[in-house]
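Below are the chains, spelled out letter by letter.
2 protein chains.
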Amino acid sequence: MKKTATLILSFLTGLSAFSQTDSAIIKSLFNEALTNGKSYQNLEYLCKKIGGRLAGSPQAQQAVEWTFKAMKEAGADTVYLQECMVPHWVRGEKEIAKVITSNAKSFKTVNICALGGSIATPVEGITAGVVEAKGIDDLKKLGKENIQGKIVFFNEPMDPTFIGTFHAYGKAVMQRWAGAKEAAKYGAVGVVVRSMTLAHDENPHTGVMSYNDSITKIPACAISTNGADWLSNYIKTDKEAKFYFKMNCQTLPEEKSYNVIAEIYGSSKKDQIITVGGHLDAWDNGEGAHDDGAGIVQSIEVIRMYKALGLKPKCTIRAVAFMNEENGGRGGKKYAEQAKLKNEKHIAAIESDAGGFTPRGFSSTMSEQQKNQLKSWRKLLEPYGLHDFEHNGGGADIEPLNETLGTPILELMPDSQRYFDYHHTAIDTFEAVNKRELELGGASMAALIWLISENGL
Amino acid sequence: MKKTATLILSFLTGLSAFSQTDSAIIKSLFNEALTNGKSYQNLEYLCKKIGGRLAGSPQAQQAVEWTFKAMKEAGADTVYLQECMVPHWVRGEKEIAKVITSNAKSFKTVNICALGGSIATPVEGITAGVVEAKGIDDLKKLGKENIQGKIVFFNEPMDPTFIGTFHAYGKAVMQRWAGAKEAAKYGAVGVVVRSMTLAHDENPHTGVMSYNDSITKIPACAISTNGADWLSNYIKTDKEAKFYFKMNCQTLPEEKSYNVIAEIYGSSKKDQIITVGGHLDAWDNGEGAHDDGAGIVQSIEVIRMYKALGLKPKCTIRAVAFMNEENGGRGGKKYAEQAKLKNEKHIAAIESDAGGFTPRGFSSTMSEQQKNQLKSWRKLLEPYGLHDFEHNGGGADIEPLNETLGTPILELMPDSQRYFDYHHTAIDTFEAVNKRELELGGASMAALIWLISENGL
Chain A
0 MKKTATLILS FLTGLSAFSQ TDSAIIKSLF NEALTNGKSY QNLEYLCKKI GGRLAGSPQA
60 QQAVEWTFKA MKEAGADTVY LQECMVPHWV RGEKEIAKVI TSNAKSFKTV NICALGGSIA
120 TPVEGITAGV VEAKGIDDLK KLGKENIQGK IVFFNEPMDP TFIGTFHAYG KAVMQRWAGA
180 KEAAKYGAVG VVVRSMTLAH DENPHTGVMS YNDSITKIPA CAISTNGADW LSNYIKTDKE
240 AKFYFKMNCQ TLPEEKSYNV IAEIYGSSKK DQIITVGGHL DAWDNGEGAH DDGAGIVQSI
300 EVIRMYKALG LKPKCTIRAV AFMNEENGGR GGKKYAEQAK LKNEKHIAAI ESDAGGFTPR
360 GFSSTMSEQQ KNQLKSWRKL LEPYGLHDFE HNGGGADIEP LNETLGTPIL ELMPDSQRYF
420 DYHHTAIDTF EAVNKRELEL GGASMAALIW LISENGL
Chain B
0 MKKTATLILS FLTGLSAFSQ TDSAIIKSLF NEALTNGKSY QNLEYLCKKI GGRLAGSPQA
60 QQAVEWTFKA MKEAGADTVY LQECMVPHWV RGEKEIAKVI TSNAKSFKTV NICALGGSIA
120 TPVEGITAGV VEAKGIDDLK KLGKENIQGK IVFFNEPMDP TFIGTFHAYG KAVMQRWAGA
180 KEAAKYGAVG VVVRSMTLAH DENPHTGVMS YNDSITKIPA CAISTNGADW LSNYIKTDKE
240 AKFYFKMNCQ TLPEEKSYNV IAEIYGSSKK DQIITVGGHL DAWDNGEGAH DDGAGIVQSI
300 EVIRMYKALG LKPKCTIRAV AFMNEENGGR GGKKYAEQAK LKNEKHIAAI ESDAGGFTPR
360 GFSSTMSEQQ KNQLKSWRKL LEPYGLHDFE HNGGGADIEP LNETLGTPIL ELMPDSQRYF
420 DYHHTAIDTF EAVNKRELEL GGASMAALIW LISENGL
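Residue numbers (numbering that gives the first Met the number 0), protein chains in the order written: chain A, 0 to 456; chain B, 0 to 456.
So here's chain A without its partners, still in its complex pose (with noise of 0.2 angstroms):
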């Protein structure tokens, strides 16, 4: 298209019921991220020099110090460390997969990962018969007789009906989270999870899974969409053929971590806190780009734009980058727990934990009156974008904070469509993350504390 532009936003019209301060200071932060930001080079150190940074790891120790190093230089008037134990779960030597032929004359390569928590195979690897499930209620309509001593293959697709792929994954992933034990219960001894996306490729999706101390532990393993849609194909029509893989993870001893806090003081409300965070910790196959370095390059960033601009907010904003969201929720955990000790004031909690893509709206948890209030800044906030705040929940890391507290907990909703591409893969890095994408999800997070913090929730 060529055409000079007729799609012209006229900002500050129809706002009259509204502080002018309150709108002027809304587009200054959409502004100042937009032509000053400083997040998305914040977000090609964090991928680029750091990369993948799972709990326990010495990368996810060199997060933490950049991150209290990054938080300073924003400009924040106070940064600290907050203690947490986390689990402490390595990949070991990168996994290999094949399907052998039932004469035993050929085989095909796949690609898979282990999941995380996964225990490893024996040494030799695992080869045995496969059955696939769609989902984990076939396990009883197969039965023991049909998994005993095989490898159970959960092909259940995530639904491309659904317009948000968040329910799509939702309604997906139960497949990935107890497939092993549920399995276990059968007889089987591996599971292969096809991965958790709408795309049709070559990436495995790694993502945290669970065991049940009673039941025996498998090792469990993502394959790629592509590698599930030849599998499932393949043995419709060679029923004998094997599957063989081998994984070299383990679960060490819990490590020390931390959740790293930076504060800007509120100036008549100090004791009153509004939460805005991401998580620091992301799985080690990536550069953990959108999952999550774009929330927290956001939180930071919000902190950077309030002091560049001057803003003093009535309220305490605190910037947290939660530890290990992962594979463990212990830093949310932690800094709810915490909170409650220190008896603090919690009036609001952000996250941004779903990419750093266009945000179209906020979902929450909250009171119906505070919803209100919410969707009364809708006339102040749609000018950017921001046009959906009907959907419910918060981000994983402050649902503790809901939970103990009962602090009301939003979550930026960016586009989605995305979003799954990349999720918990080796190409959920720097470059898939759109530098302006990015800075408005920043800038909207930032807007929506200043109305928080002058006009309450």
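Everything labelled a hint here was simulated from the structure, so no lab data went into it.
No false leads were slipped in.
Over 10 angstroms on every C-beta distance to chain A, these chain B residues come out as not near it, computed from the model:
#, residue
1, Gly51
2, Gly74
3, Tyr79
4, Ile118
5, Glu144
6, Gln147
7, Thr215
8, Asp228
9, Tyr264
10, Ser267
11, Lys268
12, Gln368
13, Gln372
14, Gly405
15, Thr428
16, Phe429
Part of the chain B face toward chain A, derived, beta carbon under 8 angstroms:
#, residue
17, Leu33
18, Thr34
19, Pro382
20, Tyr383
21, Gly384
22, His386
23, Gln416
The beta-carbon is built from N, C-alpha and C at its ideal position, and this holds for glycine as well.
Chain A is fixed; fit chain B onto it per the hints.
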């Protein structure tokens, strides 16, 4: 983020005022697009097998033939060509450019490309001093004494603070469109224009420019934004540096070409036409994926989906692949001219020419009453992420229909953040398009067409 989905869409609530049939049909259209969609594979063909297809080129003719076939395969009741004459500009051998230091001891190569419609440089190229202008208004300030015999370097950046990037484009693009003829008035010998993008990279962005037959024609090229930033800095210190460029483009005689048109006959109001389209031509330097392969394959997809679902719209739906939007708009003009000549009744026209990104709404040029009818469908469309119906504007190819017949026109409004990263460059390729985002755009147009066809506008 690992948590199960908390963002659950409730598709069919709150729609009591609307026909259940309308909402169910809209759902079926989105399901069809996201489950059995063909637009993505069609786009792959158009991009990878045909590629750039500027009007008058052999590739444009291939695209006409392929589109004819694809519309047939989509199940259209009829497919036909509409002849129009088009300009035929060719780039020739790749352009070269360098900045030569004032001592002539060294030079730096910079990435340029000819603007569409530009004349060539002499075979030996042009070498001249450089004077920087921040937009056309600067020419007057600089005056003939600073411009005569020099190359004018137009370096007004797109303004990053506009949320909608088309607004920023509209504000900056005049230097590309009119820079050469305006600078020539002051005796400039050539023009170098900062690429129309908010990205900072090495890709020059082409696009159409214009001459005035009564003013000396001088060659005009685009320089990448990185190149522009470098050049701007360099000439601050080395004021006598020279810019050299060589371009080999030429304008050949006009060629015969075509709009490609497919119809589904209306069941009860066959004479009432709803047009849906995009433009088939694309700049020669890329694959024309977002601009506007997306609009073409989405329009074909509308036909396919209606047929696949057995929908019988009251009105006639016409999918149009317009020719020559980029450098002449002849296809759009011919379409409106023929519509008038045949006394056709056009009740609405919709264009997709803003990229294959997640749709966020529709802009429109229509009466207040029609706009209110459009907004009355909001509740039916919001579950699909379509929130924005406020902005003005229709597509460039259907504007003549609005001007000639007063037809209400609309344009699909996708998220605009990434559009100008790719626009008119070598990286506007198939890989830059996300399958689901593309599919949602086609479904959005199909849904709106259904509402217009069944309920009137």
